[in-house]
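From just these sequences and the hints, can you work out the full model?
Residue numbers (the numbering used here), protein chains in the order written: chain H, 1 to 211; chain X, 1001 to 1816.
FYI, nobody ran anything at the bench for these hints, they're computed from the structure.
The reader is advised that the hints may include incorrect statements.
As the list claims (entries may be wrong) - Straight-line Cα separation of at most 35 Å, DSBU-like style, residue types lysine-lysine; simulated pairs:
(1) K1463(X) / K1663(X)
(2) K1267(X) / K157(H)
(3) K157(H) / K1264(X)
Claimed, not checked - The calculated label-pair distances, taken between Cβ atoms and stated as ranges, are:
(4) G1101(X) / D158(H): 19 to 27 Å
(5) Q1263(X) / D158(H): 45 to 53 Å
(6) A203(H) / T1345(X): 55 to 63 Å
Beta carbons are placed, not taken as given, at the ideal position from N, Cα and C, and that holds for glycine.
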Amino acid sequence: MTQYGFYFDGTRCTGCKTCVLACKDRFDLPSEIANRQVIEYEGGSWERDADDCWTTSSFTYYLSVACNHCDDPACTAACPVGAVHKDEETGLVLPNDDTCIGCGACAMACPYGAPHVDGQLGHMVKCTGCADRVAEGRQPVCVEACPQRALAFGEIKDLRAAHGDLAAIAPLPDPSQTGPNVVLTEPAGAEAWDAADGAIVNAAELVGIQA
Amino acid sequence: MGMGNGSGTEVSRRSFVRASALAGVALAASDAGCAFATRALAAEKDASTKDASAGADGGDERIVWTHCHVNCGGACVLQCHVRDGEIAYVESDNTGDPSFGGFQARACLRGRSIRRWINGDDRLNYPLRRVAGTRRGDGQYERISWDEALDTIASEFTRIRETYGNESIFIQECSGVEQNFMMNNPFFRLFNLLGGEVTRYGNYSNAGLSFGARPYTYGGSWGERPFSSIQEGELVVLFGNAPSDTRMAGDGAGYDLNVVREQKHAKIIVIDPRRSDIATNQGVEWIPIRPQTDAALVAGIAHELIASDLVDVDFLHTYCVGYDEQTLPEGAPANSSYYAYVMGTGYDMVEKTPAWASKVTQIPEARIVELAHQIGEAKPCFIAQGWGPQRRTNGDSAARAIMLLPQLVGQVGKPGTNSGAREGNGGFAIPTLPTGDNPVTVKFPNFRWPEAIKDGPSLTATKDGVTGADALPSSIKFLVNYGNNMVANQNGDVNATTDIVRDESLCEFVLAYDVVMTDSCKYADIILPDLTPQETWTLSSQGENNNSEGIWLGQPTTEPKFERREVYEVCADLARRLGVYDEFTDGGKTREDWCHELYDQCRDDVPNLPSWDEALAHGIYKEQIPVTDGGTEDFIDDPTANPLKTATGKIQVYAPELAELAKTSELAEGDAIYPVPAYVPGFDGPDAESDAYPLQLVVYHTKAHTHSTYANNRIIQDAHPHNAWVNPIDAEARGIADGDELLVSSAQGAIRIPARVTNRIIPGAVAIPQGAWHDADMDGDRVDAGGCVNTLSSRHAIAVGKGTGQNTAHVQIARA
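Laid out in structure tokens, this is it:
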């Protein structure tokens, strides 16, 4: 089986959210639903010295996240009606809009906040990896949209061969939970996922991801 | 979890169409130059053809190429997928080399969200007239016919022109449709056929740099190179320059800098009161600085460069005047050199040690010393400023000081360097609709237009920078606001400005012509509904790039809806009423005809540009061009034989023109003009804090809108919410928590805005993005619930350039 995944180059991202808005345009998502999101993570503090000058240990970095099309998807396991499955050919985790009952168990279970229940449509919505485009040899919308070329998509084995196998930095969860098919190049100042000292500071801009 | 499941409110959602079947658009990587562009065009045509018959649901879908058009500095490609007469979704430039470093004019989040802006429910649909008996600003309008609207405009134009003269007619700038061959040119073309109009000079972007600093330093734009010219391992120092925030396009300056950071291993330091986005993920060092003190930092660095023998004295003696006493121009008094200023033997007689500078800038002395050594020892070194520092009330001197820094270390005019002004840009400038000759030659600085309404003749050459006359001959009595949001949003001090426009005894007729009902429209007598550039014929160059150029031809994505009409043919209808139709239309040309004609003119300069017929199918043309070198070689080779356009022909550390202006100018409170780039605190400067207003305002450009354009497009605002950045130290002192609704007040007014408590702003300052839409009861408390930063800003113009000082204000913040 082919397994597709995303690559995120944290050193290139500037937090513009073009990936987020391009996806929202293509899939006609409202503000309350996001298949891709950008987390802003911040830490550190300020010190005033004896001369009234300022120094800071603070840092800020952005992290663009979507469904990681995991090896062991928590959403699939949580779904009571089998409405979200892992595609045998591509490894993409895909919803079935016809059988989904919109209960939200997937959204509760996913440690990445990837699936969301769309109340208007009456079913769950999530990143499909733009499976239709990929089937035609094209890139997902978010990847083609990124002005800084910080996103890539492809077979996860190729992405790992090119970029390594880092799959989590703060504030992402323990990657051993679900086996995410994502590769990260860490941004400047990145904290390890299991040694996080900062905080998500843009929770109000996010859906299904808590500070 | 999450934020609920309601739908967006701005437009109804369409059902998602599954297949797009755009096979073949993703292209193979390519080489540079014209061959690259030709191949891209061929592929685009192929994609369009295939797509016309695509669509899994059987519906016809076609791609209409057009572009984003606003005043961000770019102009990105938009591929609009149109189905059943509506834009279904938008893609951008996916032609040519998609790799990091390749040339694709990828739109940012704003362009990618343009469908919802075009289809927004606040679009203007019909001509409107202010209801009789209501005042400007009341916002009460009634629908009228186009004939009635145009008859009224034509008769008011004639009446006012005959009563007050052509000097009473004024056409405001059109930031909202800046990237476009048409802009507001039809109004100029029309009025120039009828005796002309008083005009502005300068803009709200860079008047300090362009009119207050560069002419006296380099004699204009000189030595400016793009980020793409940065060399391997080079040091880059940016002052108030946030290219990842302000130049977001996939072919823009922010991208160029990001590419050289990675591929040329550039070391980048940014000096800014706020941590901009270039100083987040990229490993770029941020040095927080107290707002408005850049010139003090430069003086402290200069002192350390002198102390450590890192000044390039040979360069200064060869190419510059006034660094030290021996190169002072004739007539300059003793101890008026910059050296004398820094060493405390001239001017204020204070030695500008790094310790002195640290007290002014709040940057630790040790960091200033280290920075001086970094800059002094880096060869080459690339120093560039953004437009933030020069938009403060001491903007002229701050801009000149930052430009001085590369001169001190001999890092200007040579490969890998920059002038210390903004990074360079180039590429191809498209021709725009010809406007003819304006018989009225008097001009005034754009920032002063409200005062030109209030009492035009009080604006003088020596006080206000009027040119072509000692004073304005007339007040403005007829105001055209096409494609701008100046009255109630983007000009300094909204309360003062709207008071002036509201007074019908001053300006006797105000026309607004826009695509949406802005707050500024509500101060007009007649409002006309425009088409967006994506709904008509348009032509644009790529924007502010240097090593590439693109020409975008845009066709109407959809039929005009309601009674919206585009500006050229509306002005042609006015021309018919005013008896100049044939001259205006040059014998009946339409907007499409002009687009065609001007496109063909582009072919004279860009030989490989495809024919019009090919362009109709292709939409875009792009090619990579050599990086310009800043055009400095002649002067560097022989500065005597090839002088700059300054008074002395040299780079002017000491500018004799400024010494003269210091004597002849009537200066406002807080203003000062020095011939050398001294630190001037400026009006309402860093030391002007009071118990009432203890915090310095920092104004910046957000990613959610371009100035005020798109600030009504909810989907982007939700992604980047409007808020005020407050340092945790200042927040704690006031009991403010993240997300709290704040009341921010200045001497000019007050706004409501949520708090963002963040480490990204230096303590003692509050950062608020410009462009949010003003929303206040102007007959009530005037508290602006929209959070427009210009409710807080002032009417203070800068001393030399006479442009806006809008980035300067002191404020207080409290939980609302």
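Q1263(X) and D158(H), beta-carbon distance inside 45 to 53 Å? 22 Å, violated
Given the hint that K157(H) pairs with K1264(X), does the C-alpha gap stay at or below 35 Å? 28 Å, holds
Status of the given 55 to 63 Å range, CB of T1345(X) versus CB of A203(H): 56 Å, holds
K1463(X) and K1663(X) were given as a pair; does the straight-line alpha-carbon distance stay at or below 35 Å? Holds, because 12 Å separates the two Cα atoms, which is no more than 35 Å.
Whether the CB-CB distance between G1101(X) and D158(H) falls inside 19 to 27 Å: 20 Å, holds
Pairwise hint evaluation, K157(H) against K1267(X), where the allowed Cα distance is 35 Å at most: 33 Å, holds
The structure is inconsistent with hint 5 alone, although it conforms to all the rest.
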